[in-house]
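Student: Read off the chains here:
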Amino acid sequence: MTASARENVRTSPADLSTGGGSATALPPHPARRRRSRGGWKARVEIVALSAPAVVVFVTFVILPVILAGYYGFFRWKGYGPPTEFIGLRNYVVIFQDPEFRSALTHNFQIVVLSLVMQGPVAIAFALLLNKKMRGQSLIRVLIFVPYVISEAVAGIGWAMILSDRGAANGFLAKLGISGESWLADPSIAMWTLMVILTWKYIGYATILFLAGLQGIPEELHEAASIDGASYWQTQRYVVLPLLGPTLRIWAFLSIIGSLQLFDIVYIIWGQYISGTAGVSTMATYMNSNGRMSGNFGYGSAVAVVMFLVSLVIALVYQRFVLRRDTAGALTEGEG
Amino acid sequence: MKKRILSGLALGASVALLAAACSTSEEPGGSGSGGTGGEKVTLTVWENNTAGEKGPKFWQDTKAAFEKDHPNVTIEIVPVPNEDLDGKLQTAMNGGNPPDVFLQRGGGKLAEMVAAGMVADITDAIDAPDIPEGAFGAGTLNGKRYSMPMSVQPGGLWYSKDLFKEAGIDNPPTTWAEFTDAVKKLQEKDIIPVALGAKDAWPAAHWFYWFALRQCSSDTLEKASNEADLSDPCFLKAGENLKDFAAMNPFQDGFLTTPAQNTPDSADGLMSQHKAAMQLMGSWEPGAVGSLTEDGEPLPDMGFFPFPEIDGGQGQPGSMMGGMDSFSCSSKAPMPACTDFLNFLGSASVQAAFATANSAIPASSAQEAQDTVTLPALQEALAAYAKAPYVSMWLDTRLGQNIGNALNTGIVDMLAGKGSPQAIIDGANAAAAKG
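Going line by line, the protein sequences match chains A and B. The opening position of the first sequence corresponds to residue 1 in this note's numbering, with each subsequent residue numbered one higher. The opening position of the second sequence corresponds to residue 1001 in this note's numbering, with each subsequent residue numbered one higher.
Hints were generated in silico from the structure; no laboratory data involved. Treat each hint with caution, since some may be false.
What the hints assert, rightly or not - Each computed SDA-like pair below joins lysine to any residue, with the alpha-carbon atoms no more than 25 Å apart:
{"hint": "1", "chain 1": "B", "residue 1": "K1243", "chain 2": "A", "residue 2": "W40"}
{"hint": "2", "chain 1": "B", "residue 1": "K1088", "chain 2": "A", "residue 2": "T59"}
{"hint": "3", "chain 1": "B", "residue 1": "K1275", "chain 2": "A", "residue 2": "A173"}
{"hint": "4", "chain 1": "A", "residue 1": "K131", "chain 2": "A", "residue 2": "P146"}
{"hint": "5", "chain 1": "B", "residue 1": "K1243", "chain 2": "A", "residue 2": "Q271"}
{"hint": "6", "chain 1": "A", "residue 1": "K174", "chain 2": "B", "residue 2": "D1265"}
{"hint": "7", "chain 1": "B", "residue 1": "K1243", "chain 2": "A", "residue 2": "P81"}
{"hint": "8", "chain 1": "B", "residue 1": "K1275", "chain 2": "A", "residue 2": "I156"}
{"hint": "9", "chain 1": "B", "residue 1": "K1088", "chain 2": "A", "residue 2": "S187"}
{"hint": "10", "chain 1": "B", "residue 1": "K1275", "chain 2": "A", "residue 2": "P98"}
{"hint": "11", "chain 1": "B", "residue 1": "K1088", "chain 2": "B", "residue 2": "K1068"}
{"hint": "12", "chain 1": "B", "residue 1": "K1088", "chain 2": "A", "residue 2": "R75"}
{"hint": "13", "chain 1": "B", "residue 1": "K1418", "chain 2": "A", "residue 2": "V56"}
{"hint": "14", "chain 1": "B", "residue 1": "K1418", "chain 2": "A", "residue 2": "R101"}
{"hint": "15", "chain 1": "B", "residue 1": "K1243", "chain 2": "B", "residue 2": "L1280"}
{"hint": "16", "chain 1": "B", "residue 1": "K1088", "chain 2": "A", "residue 2": "P81"}
{"hint": "17", "chain 1": "B", "residue 1": "K1418", "chain 2": "A", "residue 2": "L104"}
{"hint": "18", "chain 1": "B", "residue 1": "K1275", "chain 2": "A", "residue 2": "L104"}
{"hint": "19", "chain 1": "B", "residue 1": "K1243", "chain 2": "A", "residue 2": "E99"}
{"hint": "20", "chain 1": "B", "residue 1": "K1088", "chain 2": "A", "residue 2": "R101"}
{"hint": "21", "chain 1": "B", "residue 1": "K1243", "chain 2": "A", "residue 2": "I188"}
{"hint": "22", "chain 1": "B", "residue 1": "K1418", "chain 2": "A", "residue 2": "I188"}
{"hint": "23", "chain 1": "B", "residue 1": "K1088", "chain 2": "A", "residue 2": "E151"}
{"hint": "24", "chain 1": "B", "residue 1": "K1109", "chain 2": "A", "residue 2": "A173"}
{"hint": "25", "chain 1": "B", "residue 1": "K1418", "chain 2": "A", "residue 2": "F108"}
{"hint": "26", "chain 1": "B", "residue 1": "K1088", "chain 2": "A", "residue 2": "E84"}
{"hint": "27", "chain 1": "B", "residue 1": "K1088", "chain 2": "A", "residue 2": "A152"}
{"hint": "28", "chain 1": "B", "residue 1": "K1189", "chain 2": "A", "residue 2": "S178"}
{"hint": "29", "chain 1": "B", "residue 1": "K1088", "chain 2": "A", "residue 2": "V65"}
{"hint": "30", "chain 1": "B", "residue 1": "K1418", "chain 2": "A", "residue 2": "E99"}
{"hint": "31", "chain 1": "B", "residue 1": "K1275", "chain 2": "A", "residue 2": "I161"}
{"hint": "32", "chain 1": "B", "residue 1": "K1418", "chain 2": "A", "residue 2": "M190"}
{"hint": "33", "chain 1": "B", "residue 1": "K1189", "chain 2": "A", "residue 2": "G170"}
{"hint": "34", "chain 1": "B", "residue 1": "K1418", "chain 2": "A", "residue 2": "V65"}
{"hint": "35", "chain 1": "A", "residue 1": "K174", "chain 2": "B", "residue 2": "K1275"}
{"hint": "36", "chain 1": "B", "residue 1": "K1243", "chain 2": "A", "residue 2": "P98"}
On a predicted model such as this, the values are computed, not experimentally measured, just so you know.
Work out the full structure, taking the sequences as your base and the hints as a guide.
Tutor: So this is what it looks like as structure tokens:
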């Protein structure tokens, strides 16, 4: 998942539906109700304090989404206001374009591979770091550092290391092994990308899981050991189920981030060759067929498709997976 | 990140709507403002000479010289990095506040600006006797002129004379058979025959464009560019030529992830380190490669030869392809101050200074300007350019961003073994549906 995944989740309409607190719909909590009766002063305060955030949110998130929807119906080169209305033609072209279909396929591959590759490793790291041991904080920092490094710096670094004449192949040559075309060979490039993404975002998942682990009461560990459970049995039957809510939220963030992946791919593979190398995503497709090609109407339509794909997946996930957590069924099942 | 792009798009767009609403009352090219004797006017100039010291100094000197002659005009030079320029310009135009003078790339981009009424028709105001007729070509649309050329950028093969000698190639090849022979000789000596920065796509696509220039007649090329239609079989032949050539393995390993310019691991870097023998490029090559050598000077052994002739091609022998740097006035710029400035840019002394600062070939045919071309490789390129019976603009510029971009991508796909000559043509035709 990417850093912006979190921004997006915070601001996505899907998230609003589960309670991004709106000022008018106060929950029926006695304390709150008393305050809301407190009269105009409190209301003015709420409006005044939330206004800047609401204005920024509406101007830079809601309005652009609506405008992109509007521009998606036009053939528009970006100069002057759009005039050539073409209905749904952009959308027809998008779904007929094999390039878009392969970008969409890559997105879903990244979704699945991110979950499969990052989840188990992050859980292992979190279990390890949850034990008291020497050098714990150093390991914690080392795992978290890649997440803190900016995508641009990490991307440029990896691009230089993994290029055909880069450090990786140079090192292999010294060992007498002939290197690979890590970035250019379509049969390898997707795996290269996944390793980089795992390296980059494993720290975030680990920190999340670690926080989840530390929320599990010590008494349960003691109870399990009194009942004769081994370390592994405790992890399997006590810790993992209790980690469920954290796992499900992490998976949600990871899925949304994978669907909207752009920066790392764009920086490492550049403006043109991500499709050739088999790592294009919907976002890089939007950039190359929209902005780079000067087709701003078409690009807007791609943005709308991306938005809808993410929205549908987010809503389905919230309805069927996260519902357990919101219903308070914290001890059931596992992630 | 989607949101960020969306909001960027939409912000520009909403500004555009506002601007359109505000600007309807203004007459483009507002008459009466500016002029030589009258009220004070300011001209903002967007140019792309941001690197080094020579380029920025040229613009400061030009500003000072023009302001001295025109006391009522203030010039404001705004350097914009080349890769950012098109995007910024588009936003500024949509915002209703475009720069008065700006770098013009011509071709499809110019056509879009003209269609949107953003660029001034300067046909009647041009007074630059030293600029030859042909140099205005890229900035001309439907018989009207929209830009003043600064330099011409003929393309061709730039090579290392030392490496050619090492491989036993005595004269630069002129025919395709000689050329492939030279490639084989270089390969036998373990020298990379051709450097290619395919990560940026256009350097790879130039190979296809040059094959097309040799395979297609000038009439076919003109017609295809004007109608954005590549259905003539000569384009398919060009694709097949490129496919056959790529099968010889003439490029360095990993060309797909090699950038074109600016870094030691780029294709230009391979040239500057004498690891590759030649590269197909525009006339910025000696300067661009020179900026990556240890002493920062152009390679002393660099030479130039025109793209080899191909047997059976319909193209007129000696035809050239190239680009051009030129400057346009916005339709909102104060007149005649703006066209006065463009004419000043067209004068022999300014053209000479620009060419010197950028290691470029000036558009002006005045002796003073032509004398600035001192690098042997540039002189060879200029000689071939002067003899050319037909000069085409880079095909991707000519066809416009949309189809140009699709062509470039399709060509890289084919070089990577993921497409075919027919797929290149199909991809370009499919792109037409997207914009």
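Student: Is K1275(B) within 25 Å of I156(A), Cα to Cα?
Tutor: Given that 25 Å is the threshold and the Cα spacing comes to 23 Å, the pair holds.
Student: CA of K1088(B) to CA of K1068(B), is that 25 Å or under?
Tutor: 30 Å, violated
Student: Check whether the Cα positions of K1418(B) and L104(A) lie no farther apart than 25 Å.
Tutor: 18 Å, holds
Student: Given the hint that K1088(B) pairs with R75(A), test it: the Cα-Cα distance must not exceed 25 Å.
Tutor: 21 Å, holds
Student: With a cut-off of 25 Å on the C-alpha distance, tell me whether K1243(B) and I188(A) pass.
Tutor: 24 Å, holds
Student: With the threshold set at 25 Å, check whether the alpha-carbon distance from K1088(B) to A152(A) stays at or below it.
Tutor: With a Cα-Cα distance of about 21 Å, the restraint between K1088(B) and A152(A) holds, given a limit of 25 Å.
Student: Run the distance test for K1088(B) versus T59(A): straight-line Cα separation, threshold 25 Å.
Tutor: With Cα atoms ~21 Å apart, K1088(B) and T59(A) stay inside 25 Å; holds.
Student: Check the hint pairing K1418(B) with M190(A) against an upper bound of 25 Å on the C-alpha distance.
Tutor: 16 Å, holds
Student: K131(A) and P146(A) were given as a pair; does the straight-line alpha-carbon distance stay at or below 25 Å?
Tutor: 22 Å, holds
Student: Do the alpha carbons of K1418(B) and V56(A) lie within 25 Å of each other, as the hint requires?
Tutor: 45 Å, violated
Student: Regarding the pair K1088(B) and S187(A), is the alpha-carbon distance no greater than 25 Å?
Tutor: The given pair, whose Cα atoms are some 38 Å apart, is violated under the 25 Å limit.
Student: Can you confirm whether the C-alpha distance between K1275(B) and L104(A) stays at or below 25 Å?
Tutor: 40 Å, violated
Hint violations for this structure: numbers 1, 7, 9, 10, 11, 13, 18, 20, 24 and 34, all remaining hints satisfied.
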